[in-house]
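**Student:** Sequence:
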Amino acid sequence: MTGGGFSVSAPPGVEFEAKITPIVIISSIMAATGGLMFGYDVGISGGVTSMDDFLGKFFPVVLRRKQEDKESNYCKYDNQGLQLFTSSFYLAGLTATFFASYTTRRLGRRLTMLIAGVFFIIGVIFNGAAQNLAMLIVGRIMLGCGVGFANQAVPLFLSEIAPTRIRGALNILFQLNVTIGILFANLVNYGTSKIHPWGWRLSLSLAGIPAGLLTLGALFVTDTPNSLIERGHLDEGKAVLKKIRGTENVEPEFNEIVEASRMAQEVKHPFRNLLQRHNRPQLVIAVLLQIFQQFTGINAIMFYAPVLFNTLGFKSDASLYSAVITGAVNVLSTLVSVYSVDKVGRRVLLLEAGVQMFLSQVVIAIVLGIKVTDKSDNLSSGWAILVVVMICTYVAAFAWSIGPLGWLIPSETFPLETRSAGQSVTVCVNLLFTFLIAQAFLSMLCHLKFAIFIFFSVWVFAMSVFVLFFLPETKNVPIEEMTEKVWKQHWFWKRFMDDSNHRIANGKHNASV
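So for the sequence shown, my numbering puts the first residue at 8; every next one is plus one.
Be a bit skeptical, because a hint or two may be false.
[Unchecked claim] Mimicking DSBU-like on lysine-lysine, the simulated pairs with C-alpha atoms at most 35 Å apart in a straight line are:
hint : residue 1 : residue 2
1    : Lys245    : Lys26
2    : Lys73     : Lys495
3    : Lys495    : Lys482
4    : Lys482    : Lys26
5    : Lys275    : Lys64
6    : Lys322    : Lys378
7    : Lys26     : Lys492
8    : Lys73     : Lys275
[Unchecked claim] Derived CB-CB ranges, DEER-like:
hint : residue 1 : residue 2 : range
9    : Val345    : Trp205    : 34 to 42 Å
10   : Leu339    : Gln272    : 39 to 47 Å
11   : Arg71     : Phe476    : 44 to 52 Å
12   : Ile173    : Ala469    : 35 to 43 Å
13   : Lys495    : Ile30     : 12 to 20 Å
In case anyone wonders, no lab produced these hints; they're calculated from the structure. Using N, Cα and C, we set each Cβ at its ideal position, and we do this for glycine too.
Please take these sequences and the hints and turn them into a complete structure.
**Tutor:** The following block contains the structure:
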């Protein structure tokens with residue numbers, strides 16, 4: 008999710024001298040608050056849109072439809088305004104990404120994080136005090152802009168400020184805290200659903216806690232040495248490097264950063280380079296992984312979990328409780344990925360999860376097809392438990408496979424000179440398809456009914472076929488050796504590597520634009 012940055016690593020067999028200093032600990036806290044903020048905003052909307060007080064104020068038509076019980080169970084929540092409340096967040100994030108790429112490069116990582124925090128706080132104020140739908144949507148757009156800036160700057164800030172030996176752990180912490188934010192939002196919704204008539208305001212306003220922490224963190228930390236050097240502040244960059252590494256012996260790393268900055272600035276057209284033939288495998292894989300990530304149905308379930316469970320006949324409390332369970336499964340299963348991805352490999356996790364997601368969605372579709380008709384009463388407890396178990400089985404498989412790997416694989420396969428441009432494309436494609444699913448899901452649920460899960464399972468099957476035949480294993484392969492060890496050895500992608508010799512020469516140095 009980088010925005011025009013570059014990173015350096017020590018030459019083979021050499022490790023830069025570095026201690027884990029207080030500023031690195033503060034960076035960890037920032038990772039947590041940035042991830043929590045994003046996760047909280049993803050998770051909060053589904054619970055709020057299932058609260059009668061919220062619907063009565065902003066979407067009375069939906070509330071009447073829900074209470075009169077004349078509409079199809081599947082169509083109770085089919086409302087474009089209701090979907091816009093959720094999806095505007097992602098459309099704003101997509102738009103803000105383009106501006107965030109510029110500010111991250113020109114103004115620095117710290118200032119970009121501060122801009123994100125300010126957007127978050129403005130969004131929280133608008134949402135918590137909303138008197139009409141326009142205020143509500145403006146608030147969501149502000150939060151989305153915050154996500155666009157934060158998702159560019161925070162991971163880049165962490166990767167540049169952390170010592171090499173804990174860099175991976177800090178970036179995983181950011182991803183993990185997204186899932187914790189979703190779980191926290193579900194727990195908050197479960198509590199505030201019992202507070203009438205302003206519980207929804209409390210749900211939306213509590214996002215101010217991680218927003219405030221992110222803003223304060225951005226005020227008190229220094230910018231990264233990489234960013235300062237990139238912008239020509241060499242002396243300040245060296246001083247900061249000494250401070251964050253806890254040692255005076257920073258000359259080797261400083262020289263590497265200066266050289267990486269020079270190399271990065273020589274690449275004038277990274278996006279044009281991205282379209283060259285030898286970069287096509289990485290680009291195709293990155294784009295398709297983002298499409299598969301969204302069209303396997305996860306965000307439809309995570310955005311709208313309480314609404315979905317309500318549709319299936321669960322009472323309001325039970326639906327929010329079920330959403331908390333799926334949120335907890337999401338967090339725990341992400342930990343499985345953290346511990347297994349470098350042991351069993353990417354392909355094994357994706358293929359196993361493909362089978363698990365496909366079967367669980369088919370079972371859900373069969374149960375709903377038989378037991379939930381347009382006008383049927385609630386699911387009996389046995390069938391309801393089965394549906395929750397199957398959704399949890401699906402969420403678990405997603406969370407240890409395409410969820411984190413959809414971000415990890417692009418970040419490690421793009422060549423160094425197009426890494427930033429590739430990551431920008433990855434973020435944009437992901438947010439675009441997240442927006443499409445968020446905007447369309449409730450209407451799709453109304454028209455496809457139980458077959459919505461068949462629709463998602465078809466995409467899971469397509470993903471599994473793609474992984475089986477076209478996704479090479481990248482476990483334990485150094486980035487600079489990807490061409491020789493991965494792409495030139497793959498039965499299909501090797502035909503695109505004919506003109507890659509010049510890229511290998513350019514990519515010897517650990518610099519990414």
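**Student:** Against the 35 Å threshold, does the CA-CA distance of Lys322 and Lys378 hold or violate the hint?
**Tutor:** holds, 16 Å
**Student:** Holds or violated: are the alpha carbons of Lys275 and Lys64 at most 35 Å from each other?
**Tutor:** violated, 52 Å
**Student:** With a cut-off of 35 Å on the C-alpha distance, tell me whether Lys73 and Lys495 pass.
**Tutor:** Given pair Lys73, Lys495 is violated - Cα atoms ~57 Å apart, limit 35 Å.
**Student:** Just to be careful, I want the Cα atoms of Lys495 and Lys482 compared with a cutoff of 35 Å; is the pair within it?
**Tutor:** Holds. Lys495 to Lys482 sits at ~16 Å (cutoff 35 Å).
**Student:** A range of 12 to 20 Å was offered for this pair. Does it hold for the Cβ distance of Lys495 and Ile30?
**Tutor:** violated, 42 Å
**Student:** Quick check on a hinted range of 44 to 52 Å for Arg71 and Phe476, using CB atoms only.
**Tutor:** holds, 50 Å
**Student:** Lys482 and Lys26 were given as a pair; does the straight-line alpha-carbon distance stay at or below 35 Å?
**Tutor:** holds, 28 Å
**Student:** Should the hint that Leu339 and Gln272 are 39 to 47 Å apart at their CB atoms be regarded as holding?
**Tutor:** With a Cβ separation near 44 Å, Leu339 and Gln272 satisfy 39 to 47 Å, so the hint holds.
**Student:** In this structure, is the beta-carbon distance linking Ile173 and Ala469 contained in 35 to 43 Å?
**Tutor:** With a Cβ separation near 37 Å, Ile173 and Ala469 satisfy 35 to 43 Å, so the hint holds.
**Student:** CA of Lys26 to CA of Lys492, is that 35 Å or under?
**Tutor:** Holds, at about 33 Å.
**Student:** Measure nothing beyond the straight line between the CA atoms of Lys73 and Lys275; if it is 35 Å or shorter, mark the hint as holding.
**Tutor:** The given pair, whose Cα atoms are some 56 Å apart, is violated under the 35 Å limit.
**Student:** Hint says 34 to 42 Å; check whether the CB-CB distance for Val345 and Trp205 agrees.
**Tutor:** holds, 38 Å
Hint violations for this structure: numbers 2, 5, 8 and 13, all remaining hints satisfied.
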